[in-house]
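Trainee: In order, the protein sequence lines correspond to chains A and B.
The numbering of the first sequence is our numbering, which starts it at 1 and goes up by one.
The numbering of the second sequence is our numbering, which starts it at 425 and goes up by one.
Hints are computed from structural coordinates only; laboratory data are not their basis.
Careful: at least some of the hints might be erroneous.
Using C-beta positions, here's what the derived DEER-type ranges look like [said to hold, decoys possible]:
1) Lys-681/B / Ser-249/A: 33 to 41 Å
2) Lys-790/B / Gly-248/A: 45 to 53 Å
3) Gly-71/A / Ser-537/B: 27 to 35 Å
4) Pro-157/A / Glu-685/B: 47 to 55 Å
5) Asn-418/A / Ala-792/B: 40 to 48 Å
6) Thr-783/B / Tyr-307/A: 50 to 58 Å
7) Asp-259/A / Lys-681/B: 28 to 36 Å
8) Glu-685/B / Glu-98/A: 47 to 55 Å
Think of the CB as a built atom: it goes at the ideal place given N, C-alpha and C, for glycine as much as any other residue.
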Amino acid sequence: MIRKEMIAMLLAGGQGSRLGVLTAEIAKPAVAFGGKYRIIDFALSNCINSGVDTVGVLTQYQPLRLNTHIGIGIPWDLDKNIGGVSVLPPYEKSNESEWYSGTANAIYQNLGYIEYYNPEYVLILGGDHIYKMDYEVMLKFHKANKADITIATIQVPMEEANRFGVVITDETKRITEFEEKPEKPRSNLASMGIYIFSWPVLREALIAMKDQKNCDFGKHIIPYCHNKEKRIFAYEYNGYWKDVGTLGSYWESNMELIDLIPEFNLYEEFWKIYTKTEYIPSQYIGSNAVVEKAIIGEASEIYGKVYNSVIGSGVTIGEGAVVRDSIIMNGTVIGERTVVNKSILAENVQIGNDCELGVGEDIPNKEKPNIYSFGLVTVGEYSKIPGGVKLGKNTVVSGETTPSDYVDGILKSGETINKAGERI
Amino acid sequence: MRAIGIVLAGGSSTHMRELSNKRAVAAMPIAGGYRAIDFVLSNMSNSQIQKVAVFTQYNSKSLNEHLNSSKWWDFGRKQGGLYVFSPTITADNRSWYRGTADAIAQNLDFLKSSHEPYVVIASGDCIYKMDYNDVLYYHIAKKADVTIVTKRLSSEQDATRFGVVNVNQDGRIVEFEEKPVVTDSNLISTGIYIVRRRQLIEMIEQANEEGRFDFVKDILIRYRNVKKIYSYEMDSYWSNIGTAESYYDTNMDFLDKKVREYFFKEYPDIYSKVIDLPPAKYNPGCKVKNSLIASGSIINGTVENSLLFKEVYVGNNCTIKNSVILNDVYIGDNCNIENCIIESKSTIAAGTEHIGKETTAIIVEKNARYVI
């Protein structure tokens, strides 16, 4: 007989459109983070470290990289005889077929998966946060309160609370009211989008709300349960938790990892973060190289100078090149004497010799000023930048570019070149 | 490939000095991320050998931990697999492996119950890349009984610690001397052999009846005029790490870009057991030049012409030169280390100096460690 106390459903279908070209061809949970990890590694590692060994990963947007990364779950010890990790994409049904139209709708379409494992509790997770959390402690809290639903919450600064869904609790931590992005928040306890449901409660709610369009946990399922006077409790988490939803916060949280003693410490033996290791060889630092305040992944070859940066695995930085305040992902090659200032270079980018990135005035991006700001240069995966060109601030390059794409050899601050799709 | 693999990894070596106290030679860490045995296992996997037996004896625990799963090297699980054979006491055998041939003899069932026509035998302490299929084609074309892979050493390398061979024009081995006192030949046996499985069973059974236990001395050298033993000369990188000096030199070879390209970048890859470690961290004030750094390391001081293996911590104001620092070593502040191999899990107290003068010094230092 199959029985699991708690299984996890990990929502990994979203695009994360505010990460711009970084998520043009890969889902946000599969975006590289911290040199050698991908964002989903944190949630998956939390699961196995908490003793949750059955995880359904719901995918929809650009799942290829996510699928190859997860595989059968070997890196997380999630290759199990019973349970383990299963990737759950939308599928065709006999009468009607639909995409996942909302977070709760995606779970509704996979009721069969949950039923197969016969759980008492279901843990709902997102795949796009950086944190270490013991879900078992949260489950104990859930049981101790005889709760129907437990929502993980975190204290945020009062002035930022209007960006979140906040909860108001009584003295027993039972939630009395919800406010979604309130103008004048009455509480600074923000929902982290992590829920534990007692399975019968979740099942009943999903079936009752099945005809709701774009059915969402925060907007529909939780309010529905609240109206039915279910016991909903707020579990307060007080560790490191970072939403890497924008390019700015993505850049910042990467940079925090290189602090002398980082707040989010990857070097502790306890609560290890696992990932699919694609490279085994050690990294090489050349005779003329300078590396100061950086983390660097396996098999990278550094011949130039690196300051204050996060470098992935298999990266080559040429002789005489200078990299400052940047994130460089796996497999990227930077030519000789090229200067890279405050940039995010996605995977397998090739930059020629004698280029200069991130120079000039800080002018907002003309096409998408709300995505490409912070003065960053953003380059999409598999892009090519020819030798000798200059790129201004808040610029975006995607696809294989040639010298003719750069007027007078310059891409001015705030400009965009999009030639993606020409790779195939 | 129509062959099974046998890896001889049972030996210890007094030439390794203190380094062999806690592990078999085949378990020695190499180039930061690997163990010596990874190279032969990856070569076998990349040659499409599905079924491999590793014979261990000396300090077999060190290898067992590394060989806890066959999946790191992509060996079969249902078709084939990775077998680790350590000596056991049975009703009709009460001895350790008394030699390489005896090790095979004690596990003859493995050979008898296989159906692949050929056997590749190799040792676990050599660093090289090879497609054994090429050797097998040569073996078949020559209609050889045994093919030995050989390597021509350069004039400054010492051939006398290996088996030295002489060949005729056809490539057949006419002379074979194990560890000669003096020699004029520089063609040595690399310890890689291909032999037909039934032929091997026959030779092993005969040696066993006669109470002879060594594969080289009692089979290859003894039968060299009766059996057709051919030499397949390899010309790519090959290194045996059986002495502390050659172990140090082999690691230092990886500071050469050509060697790194050959092993790290070119097809096929070398595989190893993966332990997930965070990226290496370079703190403000560190100076690193011409060095190979493995993941999980944290560097505050100066490192030049050296290899730091996994999870090495280098304190403030340290200077490390021309040294090989093995896994999980903690080096306190203000240390000065030159021409050393530091054994894994050592803790070097702050302010110490270790300098290898004429030969490379091997440092094993256990101090209390206070880690944040």
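Trainee: Can you name, in rising order, the numbers of the hints this structure does not satisfy?
Mentor: Result: hints 5, 6 break, sorted rising.
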